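Participant: Here's the letter readout for the chains.
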Amino acid sequence: MKRFVHLHELTRTEVLDLLALADRLEKTPEGERLKGKILALLFFNPSLRTLASFQAGMARLGGASFVISPGQGSWQLETRLGAVMDGAAAEHVREAIPVLAGYGDALGIRSFAGGTDLAADVADAAFEEMAAVCPVPVINLESAIDHPCQALADWRTIDEIGVPHGGKFVLSWAWHPKALPLAVPAAAVHMAALRGMEVVVHRPEGFGLPEAVMDRARLAATLSGGSVRETADRAEAMEGAHVLYAKSWTAPVAYGRPEKEAALRAGLRGWCVDESWFAPARPECRFMHCLPVRRNVVVRDEVLDGPRSVVVREAHNRMWTQMAVLHRLLGGAA
Amino acid sequence: MKRFVHLHELTRTEVLDLLALADRLEKTPEGERLKGKILALLFFNPSLRTLASFQAGMARLGGASFVISPGQGSWQLETRLGAVMDGAAAEHVREAIPVLAGYGDALGIRSFAGGTDLAADVADAAFEEMAAVCPVPVINLESAIDHPCQALADWRTIDEIGVPHGGKFVLSWAWHPKALPLAVPAAAVHMAALRGMEVVVHRPEGFGLPEAVMDRARLAATLSGGSVRETADRAEAMEGAHVLYAKSWTAPVAYGRPEKEAALRAGLRGWCVDESWFAPARPECRFMHCLPVRRNVVVRDEVLDGPRSVVVREAHNRMWTQMAVLHRLLGGAA
Amino acid sequence: MKRFVHLHELTRTEVLDLLALADRLEKTPEGERLKGKILALLFFNPSLRTLASFQAGMARLGGASFVISPGQGSWQLETRLGAVMDGAAAEHVREAIPVLAGYGDALGIRSFAGGTDLAADVADAAFEEMAAVCPVPVINLESAIDHPCQALADWRTIDEIGVPHGGKFVLSWAWHPKALPLAVPAAAVHMAALRGMEVVVHRPEGFGLPEAVMDRARLAATLSGGSVRETADRAEAMEGAHVLYAKSWTAPVAYGRPEKEAALRAGLRGWCVDESWFAPARPECRFMHCLPVRRNVVVRDEVLDGPRSVVVREAHNRMWTQMAVLHRLLGGAA
Chain A
1 MKRFVHLHEL TRTEVLDLLA LADRLEKTPE GERLKGKILA LLFFNPSLRT LASFQAGMAR
61 LGGASFVISP GQGSWQLETR LGAVMDGAAA EHVREAIPVL AGYGDALGIR SFAGGTDLAA
121 DVADAAFEEM AAVCPVPVIN LESAIDHPCQ ALADWRTIDE IGVPHGGKFV LSWAWHPKAL
181 PLAVPAAAVH MAALRGMEVV VHRPEGFGLP EAVMDRARLA ATLSGGSVRE TADRAEAMEG
241 AHVLYAKSWT APVAYGRPEK EAALRAGLRG WCVDESWFAP ARPECRFMHC LPVRRNVVVR
301 DEVLDGPRSV VVREAHNRMW TQMAVLHRLL GGAA
Chain B
1001 MKRFVHLHEL TRTEVLDLLA LADRLEKTPE GERLKGKILA LLFFNPSLRT LASFQAGMAR
1061 LGGASFVISP GQGSWQLETR LGAVMDGAAA EHVREAIPVL AGYGDALGIR SFAGGTDLAA
1121 DVADAAFEEM AAVCPVPVIN LESAIDHPCQ ALADWRTIDE IGVPHGGKFV LSWAWHPKAL
1181 PLAVPAAAVH MAALRGMEVV VHRPEGFGLP EAVMDRARLA ATLSGGSVRE TADRAEAMEG
1241 AHVLYAKSWT APVAYGRPEK EAALRAGLRG WCVDESWFAP ARPECRFMHC LPVRRNVVVR
1301 DEVLDGPRSV VVREAHNRMW TQMAVLHRLL GGAA
Chain C
2001 MKRFVHLHEL TRTEVLDLLA LADRLEKTPE GERLKGKILA LLFFNPSLRT LASFQAGMAR
2061 LGGASFVISP GQGSWQLETR LGAVMDGAAA EHVREAIPVL AGYGDALGIR SFAGGTDLAA
2121 DVADAAFEEM AAVCPVPVIN LESAIDHPCQ ALADWRTIDE IGVPHGGKFV LSWAWHPKAL
2181 PLAVPAAAVH MAALRGMEVV VHRPEGFGLP EAVMDRARLA ATLSGGSVRE TADRAEAMEG
2241 AHVLYAKSWT APVAYGRPEK EAALRAGLRG WCVDESWFAP ARPECRFMHC LPVRRNVVVR
2301 DEVLDGPRSV VVREAHNRMW TQMAVLHRLL GGAA
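Residue numbers (the numbering used here), protein chains in the order written: chain A, 1 to 334; chain B, 1001 to 1334; chain C, 2001 to 2334.
Simulated from the structure, these hints should not be mistaken for laboratory data.
Take the hints with a grain of salt, since some may be wrong.
Unchecked claim - The calculated lysine-lysine pairs, modelled on DSSO-like cross-linking and capped at a C-alpha distance of 30 Å, are:
no. : chain 1 : residue 1 : chain 2 : residue 2
1   : C       : K2035     : A       : K35
2   : B       : K1027     : C       : K2035
3   : A       : K35       : B       : K1178
4   : B       : K1178     : B       : K1260
5   : B       : K1178     : A       : K27
6   : C       : K2035     : B       : K1035
7   : B       : K1002     : A       : K27
8   : A       : K27       : C       : K2035
9   : C       : K2178     : B       : K1027
10  : A       : K27       : A       : K2
11  : B       : K1035     : A       : K35
12  : A       : K2        : C       : K2027
13  : C       : K2260     : C       : K2178
14  : B       : K1035     : B       : K1002
15  : A       : K260      : A       : K178
Unchecked claim - Residues from chain A that keep clear of chain C, each with C-beta distances beyond 10 Å, as calculated:
no. : residue
16  : A40
17  : A83
18  : S227
What the hints assert, rightly or not - If you want a taste of the chain B side facing chain C, the calculated C-beta under 7 Å gives, among others:
no. : residue
19  : N1045
20  : L1048
21  : A1056
22  : A1263
23  : G1267
24  : S1309
25  : V1312
Computed from a predicted structure; not experimentally measured.
From the three backbone atoms N, C-alpha and C, an ideal C-beta is built for every residue, glycine too.
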């Protein structure tokens, strides 16, 4: 494995191999495996789980890490090619990326969507420009359109709760006071499709995921024996579901147009998951969310504090699955 | 030891055991003792000594640590139960605490007083709510009403400077431009009482520590052969003192009422420790402060730069005593 | 070596020894050399390379490090002697420095120029006051008038690109929207002089470096067989040059007078390095800069993205040369 940037760059077999390695590392510690190795972490955006789980994961494998956060103790970084840099940014990623990468053995980058140009964000253009000047393996800590570390942890969680190969996975939009990126829903739908599940995207009109994302997920589903469809009908979506994965995201049809987007969201406060959503589902249907989650906005306390919720387990699985990724990228032969 | 949250949860013997372990660790390094162990550190408030001494202490024991600071590169966290989270906070501590704890083997939390509800702060309600959802040992890095790490370091410092068991310990209020928390004075008075000292709290009218704090300290004093009393008379307080411990704190009688509190503090600028304070004390009387300290506001340069001051030694002892705590919580059998 | 604060505190032989050690450490890792050692890092100003390269370097030698950034999760620190601290700063460096130093085995400090008092900044008065209260070896991470870590990395880079002992080194002023410190140009001119090069400082009128800096560089040049001179004539400066080192700096004749300084800089936007600057130079003339660099302000993309640029290699050499410094300060006998 040369980099870990998109789940769709891996075969299903490679994903299963990473998950098996995560199991092995949890059961049989390899505290010296990455001794002398250093992970550089570059965060353009806030983080709790990602920063903590990567630092802890490197330490558990015997390696070390360092963190750079532009604008928070480090220079603001410019990403536009050809820019005349007489504004706030003191440094360009074309220098910063190879410099930071050179101090480490791999580089993790978190860089959220620009949020104005849907085509550029769906193509992960900014992330790929940074990856192109990075001389060491790159890890995607959440980019404009993907969050493969989250997807891997979610897959492991779904395995742990015993959802069958062809189980029903509902990704549902939820209300949120802000227009949020597409990265997690895009990653979740692809993960579930690649796992071979019956995937239903439940969302209001205007909130359908971009065609490129859906097409890629459908291809993955085809190869894995699953399916992907969309609906705005909650009862139909939840009928017989094994998993409800909630997440808010911006309306692709109003991408980069805040007023239109807000108008589309107005009136959708009712899209807050509560126990009643699960009535048509299987009794054992679980609730998933990538976190952070706004309580009583995206989902009610009764769900998060009840037995359906596996959100903490998902977060915990971030560490074990990322350790598998680090092991494959930096650990030499297994 | 299952957690290190309040000194009053430990017996005097357990405290003496920690101090003996700190001595041993300073003399005989155990650089592999916490190999493979990870300390998660969550700071809701600023830190210099606590962050540095815990990171250094873990490293000296062969372990690792990571730091999360909500609002500084990480999401702001909600602490209120039942909150509808449509404001600034993106995540609730009910998720964040178990998630961070799960990446580590112990979790340190710094969470200063809310400052509006005295009863809730004296009961450390917010801290205990977080501790209740933490699946690994919790360390109090300063809560609303306690700072046990500071207390342990101060005890060691008092031992080092040769103060006898029943020596006289004066905790004195000092002027400060802001209304400060009660955690350090509450911790100091309890520590000195549990050590069996003659404890005098020297403070202006209105600044008496909460009854629950004083009652607990008096109980500890009784069991250890010491005593605890209050006075506003400086000469009486300082008569024959072995130690003057200065600290500013808010007026409990005006808790959560900033205007009344400021009125009580107005006119107290003279409560700035200078050399003259020590005239009635023993010649060798030492000056202590937990740091950070505002020079020429809380205490004059002549004291801090003179031979009485042991403030740097107190800070240094943070590391050794905390290493003893980490050793007991994470190190297996000694 | 007791500290690493100024290159001019080292003999040429000691510098060559550090460079040889950097070579050895890059070729033959010593991953256990600083096991159990801790580097304290105190940043009053932003950093990318310095923070990352020191943390990575300590880890590559088996040691650990921690970072404190006043005002960013830590208290603001006061530096003025005798200050009545009733403002924003909660702690004085006279406490903070010995405290942090005591948790580590060496202390690195970054503290940029005050920018108002040229004599004080040229004497590095603020830095030396902090160094005076530090009980462990001090490393200068960039002070008011020096950046010896950068100088050492630059020397190594110049060796690597094969510039002869007496080669021509041009330090050129460049335009920048802000008045920048003198530390890097002062460090660069001294380094090049001590290496025995023909040093030309190319700058507009008013931007000549302080006499104390130039005198010290001239002395170093004399001892090493080199020379140091200044000019405002670009063609003369670049004639036969081996290296062009670009950097912006404030006008010493207008130090601490922002309006006069801005007036001097106005009209100098043309001092942006492009390929035409290299016409009179040797064909293989290289471009150097300490980074961060503002593209198309200080230097054009065509230079940074072309074969002349060695800026990333300079940054990379920070790690290896600093590892040599750490090794000498903390590593015992070689």
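Participant: Compare the structure with each hint and give your call.
Facilitator: Right, here's what the structure says about each hint:
1. For a cut-off of 30 Å, the pair hint linking K2035 of chain C to K35 of chain A stands: about 12 Å separates their Cα positions.
2. About 17 Å separates the Cα atoms of K1027 of chain B and K2035 of chain C, which keeps this hinted pair within 30 Å; it holds.
3. Between K35 of chain A and K1178 of chain B the alpha-carbon distance is near 47 Å, which puts this suggested pair outside the 30 Å criterion.
4. With a CA separation close to 13 Å, the supplied pair K1178 of chain B and K1260 of chain B stays within the 30 Å bound.
5. Distance restraint check for K1178 of chain B and K27 of chain A: the Cα-Cα separation of roughly 51 Å exceeds the 30 Å cut-off, and the hinted pair is therefore not satisfied.
6. For the hint pairing K2035 of chain C with K1035 of chain B, the CA-to-CA distance comes to about 12 Å; that is within 30 Å, so the pair holds.
7. Distance check on the hinted pair: K1002 of chain B and K27 of chain A sit about 24 Å apart at the alpha-carbon level, within 30 Å; holds.
8. With a C-alpha separation of about 28 Å, the suggested pairing of K27 of chain A with K2035 of chain C holds against the 30 Å cut-off.
9. Between K2178 of chain C and K1027 of chain B the alpha-carbon distance is near 51 Å, which puts this suggested pair outside the 30 Å criterion.
10. As the CA atoms of K27 of chain A and K2 of chain A are separated by approximately 26 Å, the hinted pair is consistent with the 30 Å bound.
11. Of the pairs offered as hints, the one joining K1035 of chain B and K35 of chain A holds, with about 12 Å between alpha carbons and a cut-off of 30 Å not exceeded.
12. Under the criterion of a C-alpha separation no larger than 30 Å, the hint pairing K2 of chain A with K2027 of chain C is consistent with the structure, at around 24 Å.
13. Restraint check for K2260 of chain C and K2178 of chain C: satisfied, since their Cα atoms lie roughly 13 Å apart, inside the 30 Å limit.
14. Of the supplied pair hints, the one linking K1035 of chain B and K1002 of chain B holds, its CA atoms being roughly 20 Å apart against a limit of 30 Å.
15. A C-alpha spacing of about 13 Å is found between K260 of chain A and K178 of chain A, which places the hinted pair at or below 30 Å, so the restraint holds.
16. Not every CB of chain C is more than 10 Å from the CB of A40 of chain A (nearest about 7 Å), against its label as outside the interface.
17. In this structure A83 of chain A is not separated from chain C by more than 10 Å, as the shortest Cβ-Cβ distance comes to only about 6 Å.
18. No Cβ of chain C comes within 10 Å of the Cβ of S227 of chain A; the nearest lies about 46 Å off, and the non-interface call holds.
19. Here the hint on N1045 of chain B is broken, as its CB sits about 9 Å from the closest CB of chain C, past 7 Å.
20. For L1048 of chain B, the suggested interface contact is upheld, since its CB lies about 5 Å from the closest CB of chain C, less than 7 Å.
21. For A1056 of chain B, the interface hint holds, the least distance from its beta-carbon to any beta-carbon of chain C being 4 Å, beneath 7 Å.
22. Taking 7 Å as the C-beta cut-off, the interface hint given for A1263 of chain B is violated, the closest approach to chain C being about 18 Å.
23. Checking G1267 of chain B against chain C by beta carbon gives a least distance of about 15 Å; that is not within 7 Å, so the hint is violated.
24. Annotation: S1309 of chain B was flagged as interfacial toward chain C, and the flag is violated, the nearest CB pair being 9 Å apart, outside 7 Å.
25. For V1312 of chain B, the interface hint holds, since its Cβ comes within 7 Å of a Cβ in chain C; the closest pair sits about 5 Å apart.
Consistency note: the structure conflicts with the earlier hints numbered 3, 5, 9, 16, 17, 19, 22, 23 and 24.
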